[in-house]
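Go by the hints and put chain Z onto chain B.
Given next are the chains, with one letter for each unit.
There are 2 protein chains.
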Amino acid sequence: MKIKDIGGEFALIEQLTQITSMDHADLIVGPGDDAAVIRTAPAPAPYLLVTTDILVEESHFKRKWATPEQIGTKAAECNISDIAAMGGTPAWMFISLVLTKDIDVQWVQSVYRGVNASCKRHGVIVAGGDTSLGTVNTINIALLGFVQAHELCLRSHAQAGDLLMVTGPLGASAAGLALLNADKKPCPYLLQKHLAPTCRLEASRVIAPLANAMIDISDGLGSEVHHICRQSNTGARIDAALIPLHDDVKTAADSLEIESLDFALRGGEDFELLFSIAPGKVAQLKQTGLACHPVGRIVELGEGLKLVRADGSTTPLPGGFNHFSNAPDFQSAAGSSAPGSAGPTPG
Amino acid sequence: MKIKDIGGEFALIEQLTQITSMDHADLIVGPGDDAAVIRTAPAPAPYLLVTTDILVEESHFKRKWATPEQIGTKAAECNISDIAAMGGTPAWMFISLVLTKDIDVQWVQSVYRGVNASCKRHGVIVAGGDTSLGTVNTINIALLGFVQAHELCLRSHAQAGDLLMVTGPLGASAAGLALLNADKKPCPYLLQKHLAPTCRLEASRVIAPLANAMIDISDGLGSEVHHICRQSNTGARIDAALIPLHDDVKTAADSLEIESLDFALRGGEDFELLFSIAPGKVAQLKQTGLACHPVGRIVELGEGLKLVRADGSTTPLPGGFNHFSNAPDFQSAAGSSAPGSAGPTPG
Chain B
1 MKIKDIGGEF ALIEQLTQIT SMDHADLIVG PGDDAAVIRT APAPAPYLLV TTDILVEESH
61 FKRKWATPEQ IGTKAAECNI SDIAAMGGTP AWMFISLVLT KDIDVQWVQS VYRGVNASCK
121 RHGVIVAGGD TSLGTVNTIN IALLGFVQAH ELCLRSHAQA GDLLMVTGPL GASAAGLALL
181 NADKKPCPYL LQKHLAPTCR LEASRVIAPL ANAMIDISDG LGSEVHHICR QSNTGARIDA
241 ALIPLHDDVK TAADSLEIES LDFALRGGED FELLFSIAPG KVAQLKQTGL ACHPVGRIVE
301 LGEGLKLVRA DGSTTPLPGG FNHFSNAPDF QSAAGSSAPG SAGPTPG
Chain Z
1001 MKIKDIGGEF ALIEQLTQIT SMDHADLIVG PGDDAAVIRT APAPAPYLLV TTDILVEESH
1061 FKRKWATPEQ IGTKAAECNI SDIAAMGGTP AWMFISLVLT KDIDVQWVQS VYRGVNASCK
1121 RHGVIVAGGD TSLGTVNTIN IALLGFVQAH ELCLRSHAQA GDLLMVTGPL GASAAGLALL
1181 NADKKPCPYL LQKHLAPTCR LEASRVIAPL ANAMIDISDG LGSEVHHICR QSNTGARIDA
1241 ALIPLHDDVK TAADSLEIES LDFALRGGED FELLFSIAPG KVAQLKQTGL ACHPVGRIVE
1301 LGEGLKLVRA DGSTTPLPGG FNHFSNAPDF QSAAGSSAPG SAGPTPG
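Listed in order, the protein sequences are those of chains B and Z.
Our numbering puts the first residue of the first sequence at 1, with every later residue one more than the last.
Our numbering puts the first residue of the second sequence at 1001, with every later residue one more than the last.
Some hints could be false.
[Unchecked claim] No farther apart than 30 Å at their CA atoms in a straight line, the calculated lysine-lysine pairs in the DSS-like style are these:
1) K1286(Z) / K101(B)
2) K101(B) / K1101(Z)
3) K184(B) / K1062(Z)
4) K64(B) / K1101(Z)
5) K1064(Z) / K101(B)
6) K1250(Z) / K1286(Z)
7) K1250(Z) / K1306(Z)
[Said to hold, decoys possible] To give an idea of the interface, some chain B residues facing chain Z are shown, with a C-beta separation under 7 Å as derived from the structure:
8) D34
9) A41
10) I54
11) D82
12) F94
13) V105
14) K250
[Stated by the list, open to error] Over 12 Å on every C-beta distance to chain B, these chain Z residues come out as not near it, computed from the model:
15) M1022
16) K1185
17) G1302
In short, the hints are calculated from the structure, not lab data.
Since the structure is predicted, the reported quantities are computational estimates derived from the model, not experimental observations.
Glycine included, each C-beta is placed from N, C-alpha and C at the ideal position.
So that you can see chain B by itself, here it is in the shape it has in the complex:
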């Protein structure tokens, strides 16, 4: 059924609003007015966090690969991941949709169901949005959250001597994408990691009080280490042998004749967290029981950004995915040419 068949824009908005409808004492006015009205006095925390991410069909998702629920989940999770990376708690979501006129209403509803499932899991309320007609299906999410001052983890807060740790194995999303792009069937683990990744909000609640800098891994470990170092005025030393890789990533790399490490370093969308922590706080982190993997450490700026290979040789740490500049031709690699996407096929 097309949007015009159900009565147009306002009927669609009404249907979508029902999917995400949740009451909250602080939501004075939800969808349906010129703006949402949210009570923020007294404030739940001294700082408001705001992030926004835009996902474009063919660039960030493909209907031939992903179910609408997966697309919705990914859109929600990549935003929630940004709030997690700040040490915050996500709260209020706003969804802008560009829809083609021939899109199936069921598809749109299912995207919303995917968004809603993530929101419910993470305690987020969908409080508004916008719908518009266009020629490319596009989802923009703006997400608000809150953070306590002592839990705020900025990219700029790393200090020489800090350990760099990640919350889980890397490269699975990029490996899944590379297989899809090569017309090979990824195993369920890689497929899930690429099409419907989940963010590490619960881990961030544990890490935030202990970490210095934190960032989520959306553009590859290499890129994220570069971000932290540039903003903290430090260098870093990453130990290749320590980077956690799932066996399925190694298998995928073998089948594609790509170095598996590249999926972790230059891939993207793992949505694991990378954080720097003072050595003196590592014992406390271990006591929480949260599984984290050291991958290197923050060093003085003058020492640069180095990758220490298994054989002891060092190379400059690759910078990860910077789209526009190194994106392959859009037509030939649509799935890899946008931020938050896995980037050019590594190798």
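Frame of chain B; chain Z shown alone:
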């Protein structure tokens, strides 16, 4: 110069960030981290307002008609207008861009300059955003603002007996668009009103303490009256003879053989304010010196929504523009097939 020529995404973001850079004591972290960090305790007002609007090339703007500065201005103003319509003060803006890989960097910068000019005029700070590669240039803006409890003007707050008033002449944007679509050259007034409309934030500051319901006119007067009445459970009576029309709108209507009133009732993007006010407060409004035009009144639900014609006859009030359902074929009328756009050529 293309985006890849300047070094890609991060170089572009740096250039754009410089254009909008403004310090503010409450902006703890601006663009460049996973999320913006804004101090909200103590809160500037008890209620936070959030609105989001997405503008798509060919649907909401055309590069052949509008300068990039105008496109940026329109994107900013239509969001600021939503905050104004709530009686609020806009504060923090977040811009998501989808850009084609062959887009000129100068064009993007000029869009940002247009956004920035509006933001400066209205005291808004650009605090973050996202850029992405795609096949259709798209601008999503999320805007945060604040409102005092006694100035909050909801669509649902109209009461039978209220006067309905508008802040200025209507139909100019729709008339400008209709002329452009007909390959006729609009006069400067209509062109400006369509391509770079300005919102009525200052007027809203005057009206908010006095009005009951308020809404901005983005989809035509008819549609907005319907919104207010549906949410307030009232009817309305609009007096056609009272609807203010600029002479240029009448001239355009004559040249297109369209009834000029249709531009006001069924057009869009005027971004004037429509509000309902108790008769007892009209004298106070007049004392402020703000020019406002009564166009009708709120009546009991049972009386329905009526348009009283100049000859005394009444007809149902047209509902304005509901895209998807009554949008003409996208290819033949791209400029009129999206929300916030002028809707199908009236007539």
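- request: Provide an ascending list of the numbers of those earlier hints which the structure does not satisfy.
  value: 1, 3, 13, 14
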